[in-house]
Amino acid sequence: MRNKLTSLQDAIALVSNDAVVALGGNTLHRAPIAAVHELIRQHKHGLNIVKTAGAYDVDILCGAGVASAVSAGFIGYENVFGMAQLYRSAVEQGRVRANEHACYSVIAGLRAATQGVPFMPVNAFALSDVPLAQGYRKVADPYSDEEVYAMPAIKPDVAIIHVHEADADGNGRIYGSLFEDVLMVTAAKRVILTAEKIVDGATFEAQPELTSISGFMVDHVVHAPRGAHPCSCHGIYDVDLAFLSDFSAHTQSPKQFEEWLSQHVSSAKC
Amino acid sequence: MRNKLTSLQDAIALVSNDAVVALGGNTLHRAPIAAVHELIRQHKHGLNIVKTAGAYDVDILCGAGVASAVSAGFIGYENVFGMAQLYRSAVEQGRVRANEHACYSVIAGLRAATQGVPFMPVNAFALSDVPLAQGYRKVADPYSDEEVYAMPAIKPDVAIIHVHEADADGNGRIYGSLFEDVLMVTAAKRVILTAEKIVDGATFEAQPELTSISGFMVDHVVHAPRGAHPCSCHGIYDVDLAFLSDFSAHTQSPKQFEEWLSQHVSSAKC
Amino acid sequence: MVTSDVLIPIVMARLLRNGESVFHGVASPLPMVAILLAKKLHAPDLVYLNITGSTDPVPAHLPRSTVDPALFAHTRSRVTLTDLFDLSARGKLDTAFLSGVQIDEHGNINMSLIPGDGGDVHRPKVRLPGGAGSAAIMPTAKRTILWRTKHDARTFVERVTFRTTGGNVDRVVTPLCVLKRVNGALEVETIHPDVDSEQVRAQTGWYVDVDERTPRTPEPSDEELRALREVDPDDVRLIEF
Amino acid sequence: MVTSDVLIPIVMARLLRNGESVFHGVASPLPMVAILLAKKLHAPDLVYLNITGSTDPVPAHLPRSTVDPALFAHTRSRVTLTDLFDLSARGKLDTAFLSGVQIDEHGNINMSLIPGDGGDVHRPKVRLPGGAGSAAIMPTAKRTILWRTKHDARTFVERVTFRTTGGNVDRVVTPLCVLKRVNGALEVETIHPDVDSEQVRAQTGWYVDVDERTPRTPEPSDEELRALREVDPDDVRLIEF
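From first to last, the protein sequence lines are chains A, B, C and D. Under our numbering, think of the first position of the first sequence as 1, with each following residue one higher. Under our numbering, think of the first position of the second sequence as 1, with each following residue one higher. Under our numbering, think of the first position of the third sequence as 1, with each following residue one higher. Under our numbering, think of the first position of the fourth sequence as 1, with each following residue one higher.
Errors might be hidden in some of the hints.
[Unchecked claim] Capping the alpha-carbon separation at 20 Å, the derived lysine to aspartate or glutamate pairs in EDC-like fashion look like this:
| no. | chain 1 | residue 1 | chain 2 | residue 2 |
| --- | --- | --- | --- | --- |
| 1 | A | Lys189 | D | Asp5 |
| 2 | A | Lys155 | D | Asp83 |
| 3 | B | Lys138 | A | Glu147 |
| 4 | D | Lys142 | A | Glu259 |
| 5 | A | Lys197 | B | Glu209 |
| 6 | B | Lys189 | C | Asp83 |
| 7 | A | Lys155 | B | Glu209 |
| 8 | B | Lys155 | A | Glu146 |
| 9 | A | Lys189 | D | Glu20 |
| 10 | C | Lys150 | C | Asp94 |
| 11 | C | Lys92 | B | Asp157 |
| 12 | C | Lys92 | B | Asp219 |
| 13 | B | Lys255 | B | Asp141 |
| 14 | C | Lys180 | C | Asp45 |
| 15 | A | Lys138 | B | Asp246 |
| 16 | B | Lys138 | A | Glu92 |
| 17 | C | Lys125 | A | Glu92 |
| 18 | C | Lys142 | C | Asp45 |
| 19 | A | Lys138 | B | Asp145 |
| 20 | C | Lys142 | B | Asp219 |
| 21 | A | Lys189 | D | Asp170 |
| 22 | B | Lys155 | A | Glu92 |
| 23 | A | Lys138 | B | Asp141 |
| 24 | D | Lys125 | B | Glu92 |
| 25 | D | Lys92 | A | Asp157 |
| 26 | A | Lys155 | B | Asp145 |
| 27 | B | Lys138 | A | Glu146 |
| 28 | A | Lys155 | B | Glu146 |
| 29 | B | Lys138 | A | Asp141 |
| 30 | B | Lys155 | C | Asp83 |
Note that these hints are calculated values from the structure, not bench results.
For reference, chain A alone in the conformation it holds in the complex (with noise of 0.2 Å):
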């Protein structure tokens, strides 16, 4: 396979205003944050972020106006900092679209593109109002007649997700929770993987069974070293409290986050 190995800033330089980005990781936990910046550096707009359920990386794009909509289940942090204000006031405003799902939803849509088929039924919203304020429509199966929600495919223009290894060929490994991130990878038209550490894919020779991702499916490979801070990277790093603390209490206010950003985003090397 090629040589895939590439900067953070030519990576995310290939993201394009308007695209569909899926987001690995889940709450606090394994999210591309360095990725994340890099997009708010770039001043991308009009994404939509497609996440089971996000946090710190959700609430920046809204904030940093990089986001337009957002497609998942849950956005919040959890209960350590309450809600997420910089999501919750640009939703409330109208200047971010939340698409209402059921986290099994997003995998619905994830899976129907990964199969390549336009939808996918899906045995949920049983008793929800959820579908009627989305536009989900049902459809009834051709042999019983039986009725069931059908999610329209979500095929992201990109996946981003952060690993723990990953070789030059695209191989990635993931320690611990492996979220949603490969039915992401293979969903997406475009995959970019930031990773902990880059090996020598010769490595992985010895236990193949370990690779989460394989090569072939992966376009780009970052470095990206505390490339999940301030989340956590299972069996590297814990979530940074007291940094989500900081970051909580400036986004109370429009200037105070601006500061924030400008200090913490905007002139940070990656």
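Guided by the hints, dock chains B, C and D onto chain A, whose structure is given.
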């Protein structure tokens, strides 16, 4: 979790006649042959065998009168021993119904069962006589009206999977090729693992990422060393060409096959 | 007097059965504690599932986020959230813990939004975090146990403003009582020690049939209290209060 | 004179492009050899995919079954057959090798059955092995290369008795010639060395426009022959003949 260890006899005794039985492995590799032989010894009948690509397993079950239907994409010895004669004559003589599939359509049916939906859209059969022959129907995407084939759910009553290592909780490790075994586990109502080796579950804690099948999805664990023979088991033993050659030579007449069965299966201790 | 942070997880644990599969999602410290408590007390073979993809983890310390790698410790296998949703969708998940910003008489929950002017759901008055997996899990899991650390008439409403989902709600555990769904409606099953029945009525948004004869939630036993201290020595669950 | 077991894999290898993803299924020794040959010759970055779930395996010896663990050797990752079907279904598989017991003028294949009395497909006259993944792969892979070690009018028929599948057939490699699909129909592109054009016509079930001016398949080069001996020193591919 509770201890799921049992004998092969007891595990197979729970398979009812007329059950839909999914068999792990692919062609001549890691098929659960110890369990297949036990199905024959227990004189099961009327089974519908689900497999993507089968060989000795499906052939002998057809010859022994255990199978009455086969839902698969391919049944044969690849180029190694020519046609699967027992399967072939059983179908030609109307003793076994061949539910023709495209491998991927077996997968689609298993996916529907896994996901608790009545059917699964599948991007296959666009230019095929199979749907008409098998009664596969199309379904229209409720968003675009695009039509796609729908596979009815395939919900095996039991899936039988041969693994390298299992613990008493039902956690299973498969080295090398996984084939569609994990999907069979999730689709089936009941799961039997046969294992080359029973290990202390504590040994899986060091690398849980290597566990292929999660114990809570498994009902019975059987210690079956060489349980895939004469098929291969990655890293432990190769296909037994001499055994299969002898078998193949005995499939040309019912009488020869009966003799072979009685010598190699009926009288054998498992 | 027993406080809610002690009683609620103990009551939640009592509802769990040995051998069943139990799932909690994001933002679920009390279910995390309750499950570990039940495993220690009466349900050692309970199968503990969560978003990290672990099975029966043995955390060295309890995390504040319930998706934390701490909940992956000592697991012997790994699945994805997809696998857990599938499990529920095909009817094989026994019990799920879920919650709601609003919970109504029929056990419907709202985790999504408070609609804006004219009922506008796309420009809501309040955007809530979202139901996470609730709208998939609650209708398909064999039963759901709801919990909430606040019991007032803004939370326990006659009818949710937006129905994120209804489903197979079995019990609701609150700081005041345990509600049980009977014929599709939530009824008070037991009132907690030291709680006045009038208070339960006043702080619930629909009419609840309670009086001094309503059964009382049993006090925590010494064994339960000791187990709770062992499971959550740092009182991590207090972040829910 | 170059024999088919030498020429066919070399011709198949020539059709492969550097960097593309190439898949073969069960019972495919010649594609296995052709892919390894192409990687050695002109397509080192070709991505070799097969049913074992390996990527770019480096087998220590060539197996007779093309699902053998030997084809998993030195892979750096593992996928399932499901992943490969999905890859094709979403339009990302570049090239697939498939075959047919019958192949017709339009590139349709039959791997399923010869119908019984009155066209009965459930009680067939001959039950064939089945198309494996063909009916999924052939319509969705960007292109399919068919191969067959026999070229006669029973194999190359005007119309298949049962259409297992049609699809994106690009080329067909046989012991006599290379056929190319042009405007939906297979035409002879080149005739192999030492093969008479009349023989190609006589042994094909539909009219093929060939004569002495039809281009010839180039002879194997010394480099190709040497590479073939290195890739398949034990002539495992002969089991297809």
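Against the structure, the hints come out as follows:
no. : hint                     : in the structure
1   : Lys189(A) with Asp5(D)   : violated (39 Å)
2   : Lys155(A) with Asp83(D)  : holds (16 Å)
3   : Lys138(B) with Glu147(A) : holds (15 Å)
4   : Lys142(D) with Glu259(A) : violated (51 Å)
5   : Lys197(A) with Glu209(B) : holds (18 Å)
6   : Lys189(B) with Asp83(C)  : holds (15 Å)
7   : Lys155(A) with Glu209(B) : violated (27 Å)
8   : Lys155(B) with Glu146(A) : holds (17 Å)
9   : Lys189(A) with Glu20(D)  : holds (16 Å)
10  : Lys150(C) with Asp94(C)  : violated (26 Å)
11  : Lys92(C) with Asp157(B)  : holds (14 Å)
12  : Lys92(C) with Asp219(B)  : holds (13 Å)
13  : Lys255(B) with Asp141(B) : violated (53 Å)
14  : Lys180(C) with Asp45(C)  : violated (25 Å)
15  : Lys138(A) with Asp246(B) : violated (55 Å)
16  : Lys138(B) with Glu92(A)  : violated (42 Å)
17  : Lys125(C) with Glu92(A)  : holds (6 Å)
18  : Lys142(C) with Asp45(C)  : holds (18 Å)
19  : Lys138(A) with Asp145(B) : holds (12 Å)
20  : Lys142(C) with Asp219(B) : holds (19 Å)
21  : Lys189(A) with Asp170(D) : violated (25 Å)
22  : Lys155(B) with Glu92(A)  : violated (45 Å)
23  : Lys138(A) with Asp141(B) : holds (9 Å)
24  : Lys125(D) with Glu92(B)  : holds (6 Å)
25  : Lys92(D) with Asp157(A)  : holds (14 Å)
26  : Lys155(A) with Asp145(B) : holds (18 Å)
27  : Lys138(B) with Glu146(A) : holds (15 Å)
28  : Lys155(A) with Glu146(B) : holds (17 Å)
29  : Lys138(B) with Asp141(A) : holds (9 Å)
30  : Lys155(B) with Asp83(C)  : holds (16 Å)
The structure fails to meet hints 1, 4, 7, 10, 13, 14, 15, 16, 21, 22 from the earlier list, while all remaining hints are met.
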